[in-house]
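Visitor: Here the protein sequences come in this chain order: A and B. Convert by adding 429 to the 1-based position in the first sequence; the result is the number in the working numbering. Convert by adding 429 to the 1-based position in the second sequence; the result is the number in the working numbering.
Derived from the structure by calculation, the hints contain no laboratory data. Do not take every clue at face value.
No more than 30 Å apart at the CA atoms, straight line, and that leaves these computed lysine-lysine pairs for DSSO-like [claimed, not checked]:
(1) A:686 to B:525
(2) B:492 to A:686
(3) A:581 to B:689
(4) A:579 to B:689
(5) B:689 to A:602
(6) A:689 to B:526
To be clear about the criterion: a stretch of chain A counts as covered by chain B if any three or more of its residues have a C-beta under 8 Å from a C-beta of chain B, and this derived list gives those stretches [to be verified]:
(7) 564-572
(8) 669-679
(9) 684-693
(10) 702-713
Glycine is no exception: its CB is placed at the ideal position from the N, C-alpha and C atoms.
2 protein chains.
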Amino acid sequence: MKAIGFKTSLPIADAESFIEFQKDIPTPTDQQLLIKIQAISVNPVDYKVRQNSLKDQTADSPKIIGWDAVGTVEAVGPQVSLFKKGDQVFYAGDIKKDGSNQEYQLVEQNIVGFAPKNLSLAESAAMPLTALTAYELLFDRMRLSESRDKGKTILIIGGAGGVGSIAIQMCKKKLGLTVIATASREQSKAWCTKMGADFIVDHNNLLEEMKGIGHEEVDFILDFVDVNQYWEAFVQLIKPQGQIGSISDPTKPVDLKQLKGKSISFHWELMFTRAMFQTADRIKQHEILNTIAKWLEAGEVFSTLNTVLNGFNVENLKEAHRQLESGSTIGKLVIEF
Amino acid sequence: MKAIGFKTSLPIADAESFIEFQKDIPTPTDQQLLIKIQAISVNPVDYKVRQNSLKDQTADSPKIIGWDAVGTVEAVGPQVSLFKKGDQVFYAGDIKKDGSNQEYQLVEQNIVGFAPKNLSLAESAAMPLTALTAYELLFDRMRLSESRDKGKTILIIGGAGGVGSIAIQMCKKKLGLTVIATASREQSKAWCTKMGADFIVDHNNLLEEMKGIGHEEVDFILDFVDVNQYWEAFVQLIKPQGQIGSISDPTKPVDLKQLKGKSISFHWELMFTRAMFQTADRIKQHEILNTIAKWLEAGEVFSTLNTVLNGFNVENLKEAHRQLESGSTIGKLVIEF
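Just chain A, same shape as in the assembly (with noise of 0.2 Å):
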């Protein structure tokens, strides 16, 4: 089967950032499903791994990236309960294992779910990593619900991305806030607005721009940037007894302490936590991924797919990377095997 990968940590213009390869198709064993990968997505951590998983070494094999799939259960190991083959599932899969950057995958079957019916596959495809971690993030994380949060104000930083896209109408739909998102181009604004966003904020003059929608404080933060660069901005922006979410990843340290006067509650949120760890719950990522999809279904929230392009090749990967490195894509792009 094809595959696509890397040997050492190159800048995506070089000619062997990504080499395409062959391997042998792999057996399921335990829990593992074998996926005919039929889609996937790709996220800002691909090229975070890409450019520093291999830095200054070089791999006997290529490495597999990739953490967004749709396809079809070829096999299943003995010990699989919840799928059959044929089943079309969608996963995000577990980084410290080789990703859907190929034609078949393995993947263990507590962290797939049932794939969307009434959806493209790129709709699907588009879904998983940046859904599983905006609802990890507010319902498991921040512990919302709509019956103690309802008409609660949130600012999410990063409006326009995968995550920001998803986590909006996730807050609007599903837990009735009031939806700040920050975005400066004209495409990105008028995307939050397709979103749901009940506001849109011009990052680059936060607290002005809620001063000016007559939101100087908000009950909730959702990080999906940089903590780093809004700290000073979330210390001034959060209420009393508020919640910050973040997934960024910080270079420099951060002063907590800001934050007790306030007696303000900070979340991580990294999708991968369950699979690494190997968590007892990870079977909630299922559970997830079902909700997800079954809300999709029903039109309650919609896929947050922008972009296709067609056919599995070095060429497509590239270009997927050279966009999402590019920091300004919109919504999610997808690659259709």
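Fit chain B to the supplied structure of chain A, relying on the hints for placement.
Guide: Just chain B now, kept in the frame of chain A:
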């Protein structure tokens, strides 16, 4: 009326560290209650404010501190709706206002509860600040609930202290958690057991002791001592997807990013937040205190009172601060008027 305060921050051994003086009994306005105080308790915040708030300066009139009291409503402001003259109440108060180290005190009705009916004055006076702190941290910040969290494990740093003592009880009786409390002296270990802790570990050898009791990881950690001192241990001991709550005052930054891989939540709790910021939901403290009173009346939790000094005078207040400053008090210390 008699009040006790200080004009400058002095060591407790100094003759002027506390001074007695007379002031007029004030008149309640708006939503204020005038309380005739019957007993107060002393908390670490008291000596921290005494030691630091008037450093290298001298106030014109003495500063009155103290944030725990039981007493009777002597008069009410024109907008008071929750209480009437004669009601017996307990409360912690507002750090921005005069405290309870005086015979009569004004306090806003929203942060006052009805005192438990079948407890002694001293038993009641021991509870407000610490019970509010533990309740807000567990239920409002961490959003724990018996239905969601029963059977999980919690490590409480500083189990025999005021907040630790009531937190142990709430975790056991109201959340069904397995409680591991830290203590090192025989007396404090016995106290933690009396409060209901399932395991006691010595904080001087935390990681080894946790291993010894077969709990190398816990779902939740409450830090009532020093987040800097235990940070590396917390990073190691906290389970993936766990929560850490703290009321301590770190003097050094903490490396928050160390918690990302496990998707950890970090919560600050400051019992004064609601009153300081006059939050719209501050009547929640009235409700929490009423809940605590019901729990106490029903014997579901019990008072953490351990020491009573008789008589509201400078000597007893100095003795209380001396004991608290030693860092070795167990449970709560109360001064009866």
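Visitor: For every hint, state whether the structure bears it out.
Guide: How the hints compare with the structure:
no. : hint           : result
1   : A:686 to B:525 : holds, 20 Å
2   : B:492 to A:686 : holds, 26 Å
3   : A:581 to B:689 : holds, 26 Å
4   : A:579 to B:689 : holds, 28 Å
5   : B:689 to A:602 : holds, 28 Å
6   : A:689 to B:526 : holds, 19 Å
7   : 564-572        : holds (count 5)
8   : 669-679        : holds (count 4)
9   : 684-693        : holds (count 9)
10  : 702-713        : holds (count 6)
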